[in-house]
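2 protein chains.
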Amino acid sequence: MSKWVYGFGGGRAEGRADMKNLLGGKGANLAEMANLGIPVPPGFTIPTEVCTYYYSNGNTYPAALIEQVAEALNRVEEIMGAKFGDAANPLLVSVRSGARASMPGMMDTILNLGLNDVSVEGLAKRSGDARFAYDSYRRFIQMYSDVVLGVEHHHFEDILEEAKTDRDITLDTELTADDWKKVVGKYKDKVLAQLGAPFPQDVHDQLWGAVGAVFGSWMNQRAITYRRLHDIPEIWGTAVNVQAMVFGNMGDDCCTGVCFTRDPSNGDNDFYGEFLVNAQGEDVVAGIRTPQQLTKHGRELQRSDLPSMEEVMPEVFRELNAIRHKLEAHYTDMQDMEFTVQQKRLWMLQTRTGKRTTNAALKIAVDMAREGLITRKEAIGRIDPAALDQLLHPTLDPKAERNLLARGLPASPGAASGKVVFSAEDAEAWVKDKKEQVILVRIETSPEDIGGMHVSQGILTTRGGMTSHAAVVARGMGTPCVAGCGEVRVDYAAKTLKVAGRVVSEGDVITIDGGTGEVFLGAVPTVQPELTGDFATLMEWVDTIRILKVRANAETPTDAATARKFGAEGIGLCRTEHMFFAPERILAVREMILAANEKGRRTALAKLLPFQRQDFTDLFNIMQGLPVTIRLLDPPLHEFLPHTDAEIDEIAAAAGVEPDAVKARNASLHESNPMLGHRGCRLGITYPEIYEMQARAIFEAAVQVSRETGRTVTPEIMIPLVGAKKELDILKASIDKVALAVFEESAYQLKYMVGTMIELPRAALLAGQIAESAEFFSFGTNDLTQTTFGMSRDDSGPFLEVYRAKGIYEHDPFAQLDQAGVGELVKIASERGRAARPGLKLGICGEHGGDPSSIAFCQSVGLDYVSCSPYRVPIARLAAAQAALGDAKGSGMH
Amino acid sequence: MSKWVYGFGGGRAEGRADMKNLLGGKGANLAEMANLGIPVPPGFTIPTEVCTYYYSNGNTYPAALIEQVAEALNRVEEIMGAKFGDAANPLLVSVRSGARASMPGMMDTILNLGLNDVSVEGLAKRSGDARFAYDSYRRFIQMYSDVVLGVEHHHFEDILEEAKTDRDITLDTELTADDWKKVVGKYKDKVLAQLGAPFPQDVHDQLWGAVGAVFGSWMNQRAITYRRLHDIPEIWGTAVNVQAMVFGNMGDDCCTGVCFTRDPSNGDNDFYGEFLVNAQGEDVVAGIRTPQQLTKHGRELQRSDLPSMEEVMPEVFRELNAIRHKLEAHYTDMQDMEFTVQQKRLWMLQTRTGKRTTNAALKIAVDMAREGLITRKEAIGRIDPAALDQLLHPTLDPKAERNLLARGLPASPGAASGKVVFSAEDAEAWVKDKKEQVILVRIETSPEDIGGMHVSQGILTTRGGMTSHAAVVARGMGTPCVAGCGEVRVDYAAKTLKVAGRVVSEGDVITIDGGTGEVFLGAVPTVQPELTGDFATLMEWVDTIRILKVRANAETPTDAATARKFGAEGIGLCRTEHMFFAPERILAVREMILAANEKGRRTALAKLLPFQRQDFTDLFNIMQGLPVTIRLLDPPLHEFLPHTDAEIDEIAAAAGVEPDAVKARNASLHESNPMLGHRGCRLGITYPEIYEMQARAIFEAAVQVSRETGRTVTPEIMIPLVGAKKELDILKASIDKVALAVFEESAYQLKYMVGTMIELPRAALLAGQIAESAEFFSFGTNDLTQTTFGMSRDDSGPFLEVYRAKGIYEHDPFAQLDQAGVGELVKIASERGRAARPGLKLGICGEHGGDPSSIAFCQSVGLDYVSCSPYRVPIARLAAAQAALGDAKGSGMH
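Protein sequences, first through last, are from chains A and B.
Here the numbering used here is used: the first residue of the first sequence is 406, the next is one more, and so on.
Here the numbering used here is used: the first residue of the second sequence is 406, the next is one more, and so on.
In isolation and in its complexed conformation, chain A is listed as follows:
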């Protein structure tokens, strides 16, 4: 016969901590504590298997469950020396959910179950406190009716209000036992009136009602939403824990509290916690009374007037402190515990691995490794790479007041305040001329806004997702960004933004938190990040473990310097087009685009050459011999053309043509789907002189820096959007020719590589041919995801949310690499590429290069390096180490 119930208590248990999948986190840890000899109120767990059974069998239970529950309940009665529903010495129980992953507050809980008109008298007698007994009874009726019977809370609140009004008092505590007795009567009448049936007096009916309610709550809307947000599969189900009640509110020798084996906010190895004398757990949560500190040290730190537990209940405190050490040593991690003291007797109600700030996580992991509690490898595995991000940016001062205006997507972490401007030009002007700090607010951004984005403290857009232009560029720059803030309406003409009736004008100050997506009116003070010694220590350990190299995507000297600071081992993607938007360059770029023929284009390109050469000279100098992969021009030319009349007039005058000619060129370059248009190496094929100029700039810079520093630069030139070997052959031949010319002119030779992006499905499939010519591959997984899914990053917002809600895609494929589809192409290309050219260098330079689960995938298919934005380099280093340790979770997508 299947085992449907697992008992615990009285110094032993049928479960264990490692049976979390079956018993849920709470049940498994209760069993574990019982086995360790730690005092837990006895009880039993109905495992998650029953939940699965329940949902796949039309909300029914396995046949043997009722009998097994009865047996387990008997054991609890024996241990507690009380009887369920008994008139003299009634056993009361709690019924709680307990899923494999913590889902705090998402599912239902029933306390004080087992009370009825008879047993309440027994409780009154045994506790010697009728007021307590009837208060417990009315709490039970209220909770049970709400959760199990569906009688809404407010009905009971009204009755309670009435009772207090009748007595002309304001606090619950002023009500007497008799008052509560009357309230209980009225509660029962209300249930009868609402349901046409009395409140159940049979305690077994009560129990089964509560169990059903807990299983039912697995599918309530809150729980469904929570699971979606936290990637928890529905199939896991929840367990139900039935456990003897203990009371922290039976007098002043009672208390209840929560504690952590170390300080969860800073990680210090101090016993940390709070408790309330003569109170129940819900009183701690409700926050009506001010809790007292557990330790004297804690009380002093908090400058609290209330005595600590260490001082008022020294013996129980010693017992609790011993349990603290026992549990942390046993679980080898910081524990979050709940306890109740009933008449001087300590009961542990829960232990679990405690949540902590990222700073605390770092300190605890490093400390524990030093203490010998865990290994360095374990310490590395303890840190969530994604959470590191918050350490690298300023954050809002947690104590500061704030006036929430709107909420968008947390697109680039960090917090910043500034005056609102509505155009990139204004941003540049305000910063330069007025020396103001600004927040750039746009419906969406485009490459021509780069200058303005660069000088802004933060960026707010009303459209676009986590991988929109604004988000990607902002993350690359380390600038805070809130994207896709749909409730905000921008009026460019009026220079205002409106949200829910509130109007913010140009020059008004706002604050954005790119880590949460929140936007506040006014300035909110921020706290600067400190990369503590623990951070540095962990990063050192990380670098001894990982196999994948980590590079950064960077094109400006600032980005490159940041990348080095964060430990990047080279530049994996330098996007040369970003260099073309500076005011002194864009005119020459536009002149090139408007030129009537190749001669005209070459004349304009000659003006760009010195700028471009200086760009690379700077990068090579900063990177000090580390590899630099430079991608030649990628975006379609129309991205560089002006669209306002004033700009059109300016460029027309400069180029010596009519404004209409500029407009005509604009029109002729218009594309229905620019993503799939005349861009990437297609530009190099149709206008060879562009790539020739870029290659010349690279080689001249490389020669100059090598010669001046004595440190040889080995440029890696990368051709974008290749779909056929012959594209690469033609362009490589042209680059080789330029190299030869520069080496002859300068009487200096150096090595270089020519490789390609793999960002089209065709390139992945034909990787074997392409690798015959390419000396390296870099997977451009942004575009590869767009083409493989046939889904534009910029346009997918409206349906991607629905897709995630309906479970079609578990993750945003632009944030987390789709292993089933895009991943197969990466694998195919890697295999075919390496088969054609053994040792072919493979890397990834899409947004996924900074995503931990994608990094694990990159390791699994044998890439040599990942490249990500500078601020994600530490994250990638950690994720790479975890991947090497095999700790990272895989990504699933159906």
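No wet-lab data here; the hints were simulated from the structure.
Any given hint could be a false lead.
Given that identical chains are not distinguished, each listed pair holds provided it fits within a single copy or across any two copies.
Here are the simulated lysine to aspartate or glutamate pairs, EDC-like style, with alpha carbons at most 20 Å apart [said to hold, decoys possible]:
1) K593 / E716
2) K782 / E989
3) K1211 / E1003
4) K903 / D1065
5) K1068 / E849
Based on the hints, put chain B in the right spot on chain A.
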């Protein structure tokens, strides 16, 4: 030692007809004729291998070549009884190119080689005609100097003009032997003056100069362009044929001519040809003299006053006629021959398979099969499927005068005249109200132009390629279309088009030829196609051979009826969105898009339901039980919204909203890359009610037609743009629910299938999962090509031409399936799909479904059917038969 020279003549030869790759077409056939005992002037062929050697060895020859040529030349001298360069009896030779594929006029030819100041006297004596000898010498100097020495033609023309002026005569024929002698002297002086060296007198120098010139001409610009246009690889090279000269201009017992074993214009089994008495081949080509007919029958047909060869040279004619029969029987195909009669002796100079009109090709193939000369299978293999297209549409009367205006792409075959209109609305109004025939002229077309395109006689666009919207829709409708006519400038405001200074206004008549891409001013009469008995016969044979089924892409009753007429075995793609643009429907569609919520959308959709049901009722009735695959709504919703102010006001009024709300919706639906946006099944997922309405319309129509006709309809419902199994699962469940409801309401059951397009790389890769839910796959290779290449069909024009010119893509991948990339995905999807669901029905419904080489590929990967536009159904049937016979050529792409 390698063999570098292949001799022929004197009743035997070292080559054969099947050595065409080595000897070129001309050389192989000369050898074959020699072996057959047919009189050919003796000579030798320097094979294509030498050309390859020449280009891969710095324009040098293999060492043994000179000796082998000398030997071969000796044999020719022996056979002719003359000596090269001899003063008494000189041998003259021609030097001609001869490639594997015919490249008429693209490469160089030298005649009369072997003449110098000495041998010209020998020729004069032997022929007894000094005038002939010196005329030949001056022709030789002129030709050789131009081709080999680079002295331009006009220098010699000037001298000739001068000579005639001096003598005060106008015709060359009036010049005497002495005149020619003087001209020769001046020619030689001119060469000396131009080159600083005399005209070569050494005949062996002459020969090697000519051989080098022929090899050199393989890489001249004309030849390179021709090869690109005709897909001839450069690596093939050309052979050189050196052959004894024979003269048709040595008197009235001499002649020269060309002839065909059957009539190449209509295919009749009549000996057909022309000849000129006392003339050289170039005189026939020059067209100065009117040629005479070969046969009496021919003379009578042509009502010619000039006597036929049959009448004036009956013996030689009989000999020629015997050779005609011998050659046709030997080659089992219609031959195109050249001959010369020198002093009553017949010499065959060339035979090759003759070019013919498609009508003639059909008749000849069917006749020859009936005559037992070839098998039916061979007859099927003889017809170029693509050429069939010209039989199915009206063509310009070849005799009509025409005034060429411009040239664009031949986007949809057929010729049509009409008055120019510049908008779809005007087209509809002019046709309906004024009963005019119109040609719709647009910069480009969009789905909302469908109505206007439908009523137009022809369509002309200035932008877009062979696979632009206009081209695809026009081919589907069988409407003539010239697309991408870049030289034409359209001014919508002025309602004019301009081309090279000429202005055409609204209402002016133009004619377009969609088979050639030409646009003419005024009306040019057209000729209607006749699907002759031979066509029908061949199609019958075809259907007994082919394995692939052929369906049509059709949505209107007209299209469906056309498809059936052309032999379609079902509808493979019915694009439901095309049904939404009719005036009475578009308003409801827009109301649906503008609705604030699902309820509003359902109200609008309820208005569309009856229309949509009628659409399917009509189709099911026409198709009489043949399968009909219906694709649910595919394009993004913004394609249906109006963009002009007037239209916006209209829809706003109808929907009861402000015009600004319409504009706001327009803006909110705007997409950067609509091709990769919110379309296909993404609409079905986000707005389930749209697909529900369509499914209901399909099932209600199917029930009604099945019940009324007693012929069961089995609808095949196709979900577009699927990228994940779960998309299909959700939509299939919804369709199944609608089906159940309709079946219950109507008390009628029928079978149906739900399948999916495979048009995204991800769908192809995950085909195994998708096939668990999909009952059929239809490859949407248009979109699959766009996503696999990352290349928008609409935007690729500007670079695709350059790509083809540089040899990156040999073919337009939108016209001919890219087997290496897209093809691999089709293969992967087919294999994985069939592995998951054995017997899974597979088809293709992209433009490639009507392309012969792509059809061969479809057969090779095991598809069940191809679906193409109705007018291409016969082409697809023929191509499918050829694929079954293994005759189709593969497609190459690097």
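Hints, one by one, checked against the model:
1. When the C-alpha separation of K593 and E716 is checked against a cutoff of 20 Å, the pair qualifies neither within a copy, at 43 Å, nor between copies, at 127 Å.
2. When the C-alpha separation of K782 and E989 is checked against a cutoff of 20 Å, the pair qualifies neither within a copy, at 51 Å, nor between copies, at 70 Å.
3. When the C-alpha separation of K1211 and E1003 is checked against a cutoff of 20 Å, the pair qualifies only between copies, where the shortest distance is 17 Å, while the shortest distance within a copy is 53 Å.
4. Only between protomers do K903 and D1065 lie at most 20 Å apart by alpha-carbon distance; the minimum there is 17 Å, versus 37 Å within a single protomer.
5. Taking CA atoms no more than 20 Å apart as the test, K1068 paired with E849 passes between copies only; the shortest distance there is 18 Å, against 23 Å inside one copy.
Hints 1 and 2 from the list above are not met by this structure, while the remaining hints are.
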